[in-house]
Amino acid sequence: MHNFDFAKPSTIADAAKALAADGAQALSGGQTLIPTMKQRLAAPATLVSLTGIAEMRGVCTGDGGLHIGAATPHAVVAKEARAHYPALANLAGGIGDPSVRSRGTIGGSIANNDPAACYPSAVLASGATVVTNKRKIAADDYFQGLFSTALEEGEFVTSVVFPIPQKAAYVKFNQPASRFALTGVFVAKFANGVRVGVTGAGNDGVFRWAEAERALSADFSAAALSGLSVDPSGMIADLHGSATYRANLVKVLTTRAVAAAG
Amino acid sequence: MPKDHGIGAPQKRREDIRFLTGRGVYTDDMALHGQTAAVFVRSTVAHGRIKAINTAKAAAMPGVLAIFTGEDFKDVGGNPAGWLINSRDGTPMREPKRPVLAHGKVRHVGDAYAVVVAETLSQAKDAAEQLAEDSVIEELPAIVDMKAAVADPSNRVHDEIPDNLCFDWGWIEDNRAAVDAAMKAAPHVVTLNLVNNRLVPNAMEPRASIGEYFPGTGDYKLTTTSQNPHLTRLLVAAFVLGIPENKLTVVAPDVGGGFGSKIYHYGEEALVLAAAKKLGRPVRWTAERSESFLTDAHGRDHVTKIELGCTKDGQILAIRTETLANVGAYLSNFSTATPTFLHGTLMAGPYKVPHVYVNVKTVFTNTAPVDAYRGAGRPEATFSLERVIDKMCRELGLDPFEVRRKNLLTPDQFPYTTPVGLVYDTGNYQATLDRAMAMADVAGFEKRAAESKSRGKLRGMGLSTWIEACGIAPSHLVGILGSRVGLYDAATVRVNATGNLSVMVGAHSHGQGHETVFAQIVADKLGIPETSVEIVHGDTSKIPFGMGSYGSRSLAVCGVAVTKAIDKIVAKGKKIAAHMLEASEGDITFEDGKFSVAGTDKAKTFGEIAFSAYVPHNYPLETLEPGLEETAFYDPANFTYPAGAYICEVEVDEGTGKVDVVAFHCADDFGNVMNPMVVEGQVHGGVGQGIGQALCEFTTYDENGQLLTGSYMDYPMPRAEDVPFYNVDYSCQTPCTHNPLGVKGCGEAGAIGSPPAVVNAVIDALHRGGHTHVTHIDMPVSPSRVWQAVNG
Ligand SMILES: Cc1cc2nc3c(=O)[nH]c(=O)nc-3n(C[C@H](O)[C@H](O)[C@H](O)COP(=O)(O)OP(=O)(O)OC[C@H]3O[C@@H](n4cnc5c(N)ncnc54)[C@H](O)[C@@H]3O)c2cc1C
Numbered sequence: 001m002h003n004f005d006f007a008k009p010s011t012i013a014d015a016a017k018a019l020a021a022d023g024a025q026a027l028s029g030g031q032t033l034i035p036t037m038k039q040r041l042a043a044p045a046t047l048v049s050l051t052g053i054a055e056m057r058g059v060c061t062g063d064g065g066l067h068i069g070a071a072t073p074h075a076v077v078a079k080e081a082r083a084h085y086p087a088l089a090n091l092a093g094g095i096g097d098p099s100v101r102s103r104g105t106i107g108g109s110i111a112n113n114d115p116a117a118c119y120p121s122a123v124l125a126s127g128a129t130v131v132t133n134k135r136k137i138a139a140d141d142y143f144q145g146l147f148s149t150a151l152e153e154g155e156f157v158t159s160v161v162f163p164i165p166q167k168a169a170y171v172k173f174n175q176p177a178s179r180f181a182l183t184g185v186f187v188a189k190f191a192n193g194v195r196v197g198v199t200g201a202g203n204d205g206v207f208r209w210a211e212a213e214r215a216l217s218a219d220f221s222a223a224a225l226s227g228l229s230v231d232p233s234g235m236i237a238d239l240h241g242s243a244t245y246r247a248n249l250v251k252v253l254t255t256r257a258v259a260a261a262g
Numbered sequence: 001m002p003k004d005h006g007i008g009a010p011q012k013r014r015e016d017i018r019f020l021t022g023r024g025v026y027t028d029d030m031a032l033h034g035q036t037a038a039v040f041v042r043s044t045v046a047h048g049r050i051k052a053i054n055t056a057k058a059a060a061m062p063g064v065l066a067i068f069t070g071e072d073f074k075d076v077g078g079n080p081a082g083w084l085i086n087s088r089d090g091t092p093m094r095e096p097k098r099p100v101l102a103h104g105k106v107r108h109v110g111d112a113y114a115v116v117v118a119e120t121l122s123q124a125k126d127a128a129e130q131l132a133e134d135s136v137i138e139e140l141p142a143i144v145d146m147k148a149a150v151a152d153p154s155n156r157v158h159d160e161i162p163d164n165l166c167f168d169w170g171w172i173e174d175n176r177a178a179v180d181a182a183m184k185a186a187p188h189v190v191t192l193n194l195v196n197n198r199l200v201p202n203a204m205e206p207r208a209s210i211g212e213y214f215p216g217t218g219d220y221k222l223t224t225t226s227q228n229p230h231l232t233r234l235l236v237a238a239f240v241l242g243i244p245e246n247k248l249t250v251v252a253p254d255v256g257g258g259f260g261s262k263i264y265h266y267g268e269e270a271l272v273l274a275a276a277k278k279l280g281r282p283v284r285w286t287a288e289r290s291e292s293f294l295t296d297a298h299g300r301d302h303v304t305k306i307e308l309g310c311t312k313d314g315q316i317l318a319i320r321t322e323t324l325a326n327v328g329a330y331l332s333n334f335s336t337a338t339p340t341f342l343h344g345t346l347m348a349g350p351y352k353v354p355h356v357y358v359n360v361k362t363v364f365t366n367t368a369p370v371d372a373y374r375g376a377g378r379p380e381a382t383f384s385l386e387r388v389i390d391k392m393c394r395e396l397g398l399d400p401f402e403v404r405r406k407n408l409l410t411p412d413q414f415p416y417t418t419p420v421g422l423v424y425d426t427g428n429y430q431a432t433l434d435r436a437m438a439m440a441d442v443a444g445f446e447k448r449a450a451e452s453k454s455r456g457k458l459r460g461m462g463l464s465t466w467i468e469a470c471g472i473a474p475s476h477l478v479g480i481l482g483s484r485v486g487l488y489d490a491a492t493v494r495v496n497a498t499g500n501l502s503v504m505v506g507a508h509s510h511g512q513g514h515e516t517v518f519a520q521i522v523a524d525k526l527g528i529p530e531t532s533v534e535i536v537h538g539d540t541s542k543i544p545f546g547m548g549s550y551g552s553r554s555l556a557v558c559g560v561a562v563t564k565a566i567d568k569i570v571a572k573g574k575k576i577a578a579h580m581l582e583a584s585e586g587d588i589t590f591e592d593g594k595f596s597v598a599g600t601d602k603a604k605t606f607g608e609i610a611f612s613a614y615v616p617h618n619y620p621l622e623t624l625e626p627g628l629e630e631t632a633f634y635d636p637a638n639f640t641y642p643a644g645a646y647i648c649e650v651e652v653d654e655g656t657g658k659v660d661v662v663a664f665h666c667a668d669d670f671g672n673v674m675n676p677m678v679v680e681g682q683v684h685g686g687v688g689q690g691i692g693q694a695l696c697e698f699t700t701y702d703e704n705g706q707l708l709t710g711s712y713m714d715y716p717m718p719r720a721e722d723v724p725f726y727n728v729d730y731s732c733q734t735p736c737t738h739n740p741l742g743v744k745g746c747g748e749a750g751a752i753g754s755p756p757a758v759v760n761a762v763i764d765a766l767h768r769g770g771h772t773h774v775t776h777i778d779m780p781v782s783p784s785r786v787w788q789a790v791n792g
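Heads up: the protein sequence lines correspond to chains A and B, in order. The numbering of the first sequence is my numbering, which starts it at 1 and goes up by one. The numbering of the second sequence is my numbering, which starts it at 1 and goes up by one.
Isolated chain A (complex conformation):
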């Protein structure tokens, strides 16, 4: 690890100021950033910790659904979202291990947008709104491919607002080594239709499975998916699974998510 300066602002405005400086980078749980720095693959001049900003922490209901501060650790979401949005709480409770869940945050996760991360599928399937220090971004516009988002230079996530569906479930199939999602599917049924967010599988990162959404919006049952298939050509192939295998997983896990959502 190279040397760096450290700032811990207590307001969003101060954080924005600190992050405007040259070589500054946001730090949340550090579960992704710190290992990268240890390997000397990143060398920010200043780390600006976002975890001391009270308005960026915690879970509460409000306008538009469930508001989750960007600096809220997964373990807190797992506990506090349970009464309002159990599928989301389950997702958070299945990320990594206890130490990762105690430090890693939703903001860090969706800012990083790892193609195998869990949260992006929930954000997309819920049609959530990503709130930043500058604006509000709809989930459909936010995720822009592997490790890439709509965030601009100096912009950071302050909270995420999740509309609460009637029924939902997340089914994750672990990558055998990292235990991130080899493929994970989040299914959310709203009054006006069903959204399906798929992580871990797509070459371009998290995506919505439109065909399944149409079928499930008409008939929210596992049987509605039986005639569908997923085209392997857009799927990730790696050491842990071929594109055809992942295409199969998308369908199997979606079916199981529908069953789990009840």
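Calculated from the structure, these hints are not laboratory results. Be careful, since some hints might not be right.
Within a straight-line C-alpha distance of at most 25 Å, the following computed BS3-like cross-link-like pairs (lysine-lysine) qualify [stated by the list, open to error]:
id, chain 1, residue 1, chain 2, residue 2
1, B, Lys125, A, Lys38
2, B, Lys658, A, Lys251
3, A, Lys134, A, Lys8
A partial selection of chain A residues facing chain B, derived with a Cβ cut-off under 8 Å [as the list claims (entries may be wrong)]:
id, residue
4, Phe6
5, Asn112
6, Phe173
7, Ala177
8, Gly241
9, Ser242
10, Val252
Beta carbons are placed, not taken as given, at the ideal position from N, Cα and C, and that holds for glycine.
Given the structure of chain A, go ahead and fit chain B with the ligand onto it with the hints provided.
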């Protein structure tokens, strides 16, 4: 009632108090005055010619004290292979030099070609990055695939070895024609091509070494993560650096696991010593996890074709194997023994097989060296054999339990000389098979399978009846087989004046529990409390010259040396007692910690004898020496042969291909058991590693020789959720006939016996689900492989 002390008691491990409370002292925990940090510059290409290493810029960086390259060590010795193996045609193996730092060429990703020593770790890292930038290495085509390596004489890992072949070994060559004939005549021949997957050892503690040099005396000290401090001393001192053996102390303090990978001497150890001498300051190095992945000796990596000739009712007539075994870029110390004498000699298994022939070609590749890893050769043999027998049962429609029973040796056949050169002294393989079947409730399987089916899962059951040779090893035998070292062990028992004991042992505990179990044996033999016995290990300045721990040898070899030394203590104690009690030595008996004159009530306690030995005010010095300290060396007469039957049940999720091990039953025969709790722990750990190999772990190099599974993001370690509650039994005991403890060794059994049981269970489940076209899946039987096998 289980015993509450001494031999056979399930004592909790005394060492766990320090391990579990964070008070262990490992190499990296030691802070030394004036210490410096070494960082190695490692090759990022698998194969390359070193054109230039420009040290000037790095040398001028802040804090840099010294830079070494391969040039600095070109005139010192290499790190040798411990076994000389001859090829089938009688020619000796090819043995390239393994230098301290790569010189001329780099041969695998991670091969160290330079090192920076600096005041601080981060200064050393900065300079090492600079040095890497200033090094010119011309990349050569990588040699990764073994078949390609031997087929293409133009591309060589070592320029002087044209076909990348270390040796082509036949076991037993004289039997080859007879085996071929038996195979030809066999009514049925089963053929199986398989890969025994390459594994990274992943000890919890990465390798670490500290070198010290004391200019006042010319002494060196190496503190290092070793399973085998005396061997490391011998290799560093005599073979590599040319330091007199008595000027080097090697200390292996608490060591956090080894599984084989820390048996061997590595170049980093020689380097820190040489650098410490040059600088007159301690030099330390601790591997980062990514260095461990790239440079610890890996395990397994065999590509095998096994053929089995049999009658239509499953009587095995002949076995023939052809194996390519990867040794990686250099010969690690035991790398030539592992695929040969620890593998080929086990190919008859626990069965009566008249004809067996094993051929192994070991191949150099541009990958990390491969050597013994928990089980070492025996898991490979067991896997090949137990899988091909399973395939035979499917091809002929036979019951795998009955086929095993039909072929197993029977108790009246011991001692039994196998066609592959071993003499099994004793065993009762039917007993362990019966026990395992009872534990597993084989009869109730269909009911369980139906229940699994109701949850959408395919259930399968797999069996493996395994044997291994451990208690490594009789020196006379291994000498004939090419070993360049003796494999005896040693113990010194020092009775202190106050009657407590320091027992110095040549075995090294790096998690096994020697400190507890050896103390139980000593206390039991002497009738004293276990708390009076301290086990000392891991420091060549304290312990007798022993051979360390691996090959499930500690108890069966070193433990026996301990009992032999105790026998000498008792004999000497009798002499002292005879003098004190004014009786003749022949009339003294020793029982329950008391020396008595037979037939009288005259007696001295062990403590009184000990005290007198050190306060010899009126000793007849011509006939009785003061002191009570004895050393024994023990060289076993034979290997020991633990054996057992393992039954695994799995559930397969057809949708995802995921396999869950839902039950695992082990019926083992380890001979006499000294501490059942430690035995259970060893079996749990071994089976866990076996399940890891069977379901999770794999090591992949791409065609350029880059390690793709170089971190825990891609190297799948088994976790608690991947293993079941084990059902372990060791009540079938046929004590070893040639050591006085009657013990056999249990450290590797789990890793040897379990992988085929798991894979056999998966194949069984798939067949029950109608996927009868799946005859084999290579390990790891990962979700994607299972799904591909079913749907591909
Ligand atoms: C062992 C392990 C297992 C894991 N398993 C899983 C898993 O199963 N599923 C899963 O989804 N994830 C998993 N993760 C990732 C984990 O969820 C991390 O928490 C997450 O990737 C990053 O969150 P963080 O708060 O730690 O971010 P950090 O590491 O602090 O930051 C990550 C990146 O985001 C930037 N950043 C941080 N906060 C913000 C913000 N508010 N706005 C804009 N940019 C920001 C940082 O500058 C940095 O570039 C695992 C991680 C580990 C170490």
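Here's how the hints hold up against the structure:
no.	hint	result
1	B:Lys125 / A:Lys38	12 Å, holds
2	B:Lys658 / A:Lys251	15 Å, holds
3	A:Lys134 / A:Lys8	20 Å, holds
4	Phe6	17 Å, violated
5	Asn112	14 Å, violated
6	Phe173	6 Å, holds
7	Ala177	4 Å, holds
8	Gly241	4 Å, holds
9	Ser242	7 Å, holds
10	Val252	4 Å, holds
In the structure shown, a violation is registered for the earlier hints numbered 4, 5, in ascending order.
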